[in-house]
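Chemist: Note that the protein sequences, when read in sequence, are chains D and P. Counting from 1, position 127 in the first sequence corresponds to residue 126 in numbering that gives the first Met the number 0; the numbering is continuous, with no gaps. Counting from 1, position 194 in the second sequence corresponds to residue 193 in numbering that gives the first Met the number 0; the numbering is continuous, with no gaps.
If you are wondering where the hints come from, they were derived from the structure by calculation, not from laboratory data. Treat the hints with care, since some could be wrong.
Copies of one chain are not kept apart here, so a pair can be met inside one copy or by any two copies together.
What the hints assert, rightly or not - Derived BS3-like pairs (lysine-lysine); straight-line CA-CA distance at most 30 Å:
1. K293 with K98
2. K90 with K302
3. K203 with K293
4. K249 with K203
5. K236 with K115
6. K221 with K302
Remember, it's a predicted structure, so these values are computed and weren't measured experimentally.
There are 2 protein chains.
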Amino acid sequence: MNLLRYFLPVLLLLISHLSFANSPPEPLPSWNDTATKQQIIKFVQHSTDSQSDTFIPVADRIATFDNDGTLWAEKPVYFQLYFALAQIKEKAAQHPEWKTQEPFASVLKGDLEGVKKSGMEGLLKIVMASHTGMSSEQFDASVNAWLKTARHPDSQRPFTEMVYQPMLELLHYLQQNDFKTYIVSGGGVDFMRAWAPEVYGIPKEQILGSSVKTEYKVIDGKPTIMRLSEINVNNDKAQKPLTIQTYIGKKPVFAAGNSDGDLEMLQWTKTSPYSSMALLIHHTDDKREWAYDKDSAIGHLEKALPLAQKDNWNVVDMKQDWKQVFAD
Amino acid sequence: MNLLRYFLPVLLLLISHLSFANSPPEPLPSWNDTATKQQIIKFVQHSTDSQSDTFIPVADRIATFDNDGTLWAEKPVYFQLYFALAQIKEKAAQHPEWKTQEPFASVLKGDLEGVKKSGMEGLLKIVMASHTGMSSEQFDASVNAWLKTARHPDSQRPFTEMVYQPMLELLHYLQQNDFKTYIVSGGGVDFMRAWAPEVYGIPKEQILGSSVKTEYKVIDGKPTIMRLSEINVNNDKAQKPLTIQTYIGKKPVFAAGNSDGDLEMLQWTKTSPYSSMALLIHHTDDKREWAYDKDSAIGHLEKALPLAQKDNWNVVDMKQDWKQVFAD
């Protein structure tokens, strides 16, 4: 076998040439060739070039993404709310009292204005009634069952097809370059974990979000984790960097968000000792998606825009920067 | 280049033969060839054999390890307490009031009996005074500075050399077989993250533990995470499976612990739909380490031993199963 050892370097060289012949396709095909795309590619090339001053070791290539309005759409309202409303309707038979109790009565009548009138308190009741009181496994199954038939009210597409194609390409481009991609969302962590691994190629343990308190109980001899009707973490604003520190213990070198709820995460990322990138998605396309910022309650974007300029973030102008918004 | 494509299968075959010639060394060399070692190897071989009924896909190969008493020693007291006491002494100059205030007065006099008398309340004061009121970075630096000179009171070794050699080998054996190894400890998560990545080969984001509350503050224009003097999570007993569910979102297929504080984690692991393994380390070796179980406050082991028998866990008898306890 010793002869082989002499040949091995030659063989490896040949194989590496062969793979040059099959060079990877151009990254980010759904992005227009604007400054934003060029800066993303430049950032990735510099971070992964061991000869560069701005090289980042693989262990520190942490990239964090907001979800609603950053990876998938969030209009007319956060998609998780449609799940919550559907669950209320499904459980109504076991709760005859809901017929006369707000906000449930409005939900059952399909009166969204009535739901809105119940305010944050009403919303919390809807979330708790639909998201808690069952085991982790039961909740996971209920999200998956809903996804199979639920459709977006405007596009009539499955919600998991309301994902932004350019952002999918960005996730995969970073993953291919050994960045560890995380979701750090205000959405419910267990809601996202039911579908996001398949849709984004991000494993459950890299999905962080808001959570409810849980309890470990042995029920009929079977250890079970029960979901309690109390908020554990509301993963928004300054909580995002705190969640990152608690879960990951490393500062991101790349972060993407789209609202003031992401301001602190992006700001925190820019304090990395490495050269880092903060990407702020600006919803500017009322034809292909929605156009909104400071006047929108959902995806409210006001303070982060001027800070982006001051702190050298990259702003994605959806209309200008994206060739395509959703996959065909 | 096309000719190369014809040769490629042959080349790959030759290279794979070459690597057969350098077959990996026998796993777990510091374990005696007892039933425990054989069962670990059998479990790993079956879990990673795609032809086996008990094959586990890579994404689900989650292995969780307690730290104190499982990966490193915990006698005479948890090593983190020595760090806390050293910090109190270091900070004493800025706290003249500690000279007369318990439990600090006893700490400064080196009177451990006096510290004990202050009970859980006193202990909490020592932990808070030594672990909070600074930024994440400052805390990390203080742990690293302490580790450089601190020595175990009996062995006079650095604390990071009080790690169990057989458990290091087990961690690496699982890692080599694509298990994602986590620490799930009652110890402070940020204390462990300062040294455990290097010592165990486990990245920070796979180290989970107890934590204090934190606050995001912009101080003199610099975003900072400050450590507050309030417990966030006490990661013990039933909290361990809850932490696993919150952080990982998957049930472990392998878990190791040594005390009743690990009971629920091991029990939870055995409910996996995959064939799973729960390993309970029993401290039986008063010559090479310490022998203790139900009569010890630290590493208290009473309820978990009979459950291990009933629920088909594997019990490690340190004296019988380990050829060597610490590295030379």
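Chemist: Quick one: K90 to K302, C-alpha cut-off 30 Å, is that within a copy, between copies, both, or neither?
Modeler: neither (40 Å within a copy, 40 Å between copies)
Chemist: Given a CA cutoff of 30 Å, do K236 and K115 count as a within-copy pair, a between-copy pair, both, or neither?
Modeler: Within one copy only: 23 Å inside a chain, 42 Å across chains, cut-off 30 Å.
Chemist: Reference check for the pair K203 and K293, CA-CA at most 30 Å: within, between, both, or neither?
Modeler: Neither: 32 Å inside a chain and 37 Å across chains, both beyond 30 Å.
Chemist: Is it within, between, both, or neither for K221 and K302, if the alpha carbons may be no more than 30 Å apart?
Modeler: between (49 Å within a copy, 17 Å between copies)
Chemist: Classify it for me, K293 with K98: is the Cα-Cα distance of at most 30 Å met within a copy, between copies, both or neither?
Modeler: For K293 and K98, neither the intra-copy (37 Å) nor the inter-copy (56 Å) Cα distance is at most 30 Å.
Chemist: If the cut is 30 Å between Cα atoms, do K249 and K203 qualify within a copy, between copies, both or neither?
Modeler: So K249 and K203 pass the 30 Å test inside a copy (18 Å) and across (7 Å) alike.
The structure fails hints 1, 2, 3 (numbered hints given earlier, in ascending order).
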